[in-house]
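**Student:** Given next are the chains, with one letter for each unit.
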Amino acid sequence: MVAGQDQAAAAPAIDVADLAIRYGGQLALAGVTLQVPRNEIFGIIGPANSGKTSFLRAVNRMDLLTPGMTVEGSVSVEGKEVRSWRNAYALRRRIGVVFPLPVGLPMTIYENVALSARLRGTRNRSDLDVIVERCLRRAALWDEVKDRLDSLGSLLSGGQQQRLTIARALSQDPSILLLDEFSIAVDPVTTMRIEEVLAELRAEMTIVMVTNLVQQARRLASQTAFFLTGELVEVGETETLFEGGARDERTTAYLEGKFG
Amino acid sequence: MFEATARNRRNQSVEGGFRLLFLWMTCMLILPVVLILGVLIYRGGPAISYEFLLTPPTDGMTAGGILPALIGTVWLVVVALLASVPVGVAAALYLSEYAPDNRLTRAINLAIINLAGVPSIVHALFGVGAFVIFFRFGTSILAASLTLAIMTLPVVIVSTRESLQTVPRAFREACWNMGATRWQTIRKVVLPNSISGILTGVILEVSRTAGETAPIMFTGAVFFSPFLPQSVLDQTMAMSLHLFVIQTQVPNVPEHVPFGVALVLISMVLAMNGLSIAFRVYLRGRKKW
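Residue numbers (my numbering), protein chains in the order written: chain A, 1 to 260; chain V, 1 to 289.
Next comes chain A alone, as it looks inside the complex (with noise of 0.2 Å):
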């Protein structure tokens, strides 16, 4: 038993093998073998339509949710294959997902923030007061915010929406958080405070970056995977694969801005 936990301890936070994901037969994504290490960025780069969010979607098993998705081979969380987890609900709660689009939910600040530990079952305002100013805080967005956490998230701006997804998603106490493409409707300012937060969050959990600009996963991920139509071109180092050190091309004319 306690050989075992040691063992769930030491797998890594994502361990994918031979996964393959299919919407209504068509192929979408297929032969991706690779090992997400704990308390690390892992960046997921490549163009459009080349399989990163539906990788994303595979490991909190949102294949579940979404009529047609399927998916085969192996996908283990901390050591535990996804779908073996004794129900799908307790598997997303330890993943945090920050989607493209900012996601304020219609419901005001602090509902935001504090609706995961409402479904959980947390009524103590106290609690939940304690929850909603740590979250904020991480997130970087509680100055902005401390006054008016009564008033709608959906009309935050669009950088605070981010931040404040951000703050909800970590209000999840998750393990691992799933970033997909977090910047494309955020200005560059706020991309350097977002940056700046996820750098600080990696002491205390996984992040996954699903990103289209190669220079956020250069400053961010210690490692890259390089995603292109549908399969998993090659993963390394991201230093080595900025220096030239990639062993396929494609992915050398991808970070040299060559297409995509």
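Think of the hints as simulated: they come from the structure by calculation, not from any bench.
No experiment lies behind these values; they were computed from the predicted model shown.
One or more hints might be untrue.
Ranges between beta-carbon positions, derived for each pair [unchecked claim]: (1) 23(A) / 34(V): 48 to 56 Å; (2) 133(A) / 34(V): 55 to 63 Å; (3) 86(A) / 109(V): 33 to 41 Å; (4) 66(A) / 129(V): 39 to 47 Å; (5) 129(V) / 101(A): 48 to 56 Å.
For glycine and all other residues, C-beta sits at the position ideal for the given N, C-alpha and C.
Model the placement of chain V on the given structure of chain A, informed by the hints.
**Tutor:** Using the frame of chain A, we list chain V on its own:
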């Protein structure tokens, strides 16, 4: 260089012609509404009085008021609402939030469309067979209201489902990704943001049942009753049937009385519609995204 060619000029005049045509057709819509209301107010207006609204008919329905019919219609609509709303909303929630796209779902959708297409007189016969005879409710408010409820069920389902679909899928996904179940997502995100549309749609659709005649004439509405209904198992008079009766079955009814009945009936429906529209405007003002 930028002068209009003959073709440009022709396109422009054709464009103007079609615009006028469509505008004219749209204005035609207003005409029947204005005429109906105008005639009813002009000819039925003199019949309206407190006595007309608050006393039962007398002298073989040639004099007196319409109180039992008025109260009866309220009973019928309210009981129909109580029956159709829970079932309709639950069905719409299933179809919108849970149902996979498979053969069963497609069969259910087909059934809803067909149910909406059943003529009201056929619903009436179904009501007689099912509620009056089989369930032994007799001719009663209960039987008539359940018949009305079945008739309105498809529109309640369709309007509710449309309201649910106005909530963006991104909201649901964000909630699911936090580990929320479908029901938690419905309760916390979907319903709070669609309840206004659901309620207004339901009020609008059900208010139309106030005017239905065929489904209730065999199942619970009676020709004449001097008493107000005391329970759902009583028979009752109803506005729509009363109008039919005094217009076609009773001799020597003063001419303004049927118009007065029609005016009260249409006022009830319009009041419900007005309420629904006001409600919608109010809630739209508070829309959160």
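**Student:** Against each hint, give a clear statement of whether it holds in the structure.
**Tutor:** Cross-check of the supplied hints:
One distance hint, 48 to 56 Å for the beta-carbon pair residue 23(A) and residue 34(V), holds here, with the actual separation near 53 Å. The hinted range of 55 to 63 Å is satisfied by residue 133(A) and residue 34(V), whose Cβ atoms lie roughly 60 Å apart. For the hinted restraint 33 to 41 Å between residue 86(A) and residue 109(V), the CB-CB distance of approximately 34 Å keeps it satisfied. A hinted range of 39 to 47 Å for the beta carbons of residue 66(A) and residue 129(V) is consistent with their spacing of about 44 Å.
Between residue 129(V) and residue 101(A) the beta carbons are some 54 Å apart, a value that agrees with the proposed interval 48 to 56 Å.
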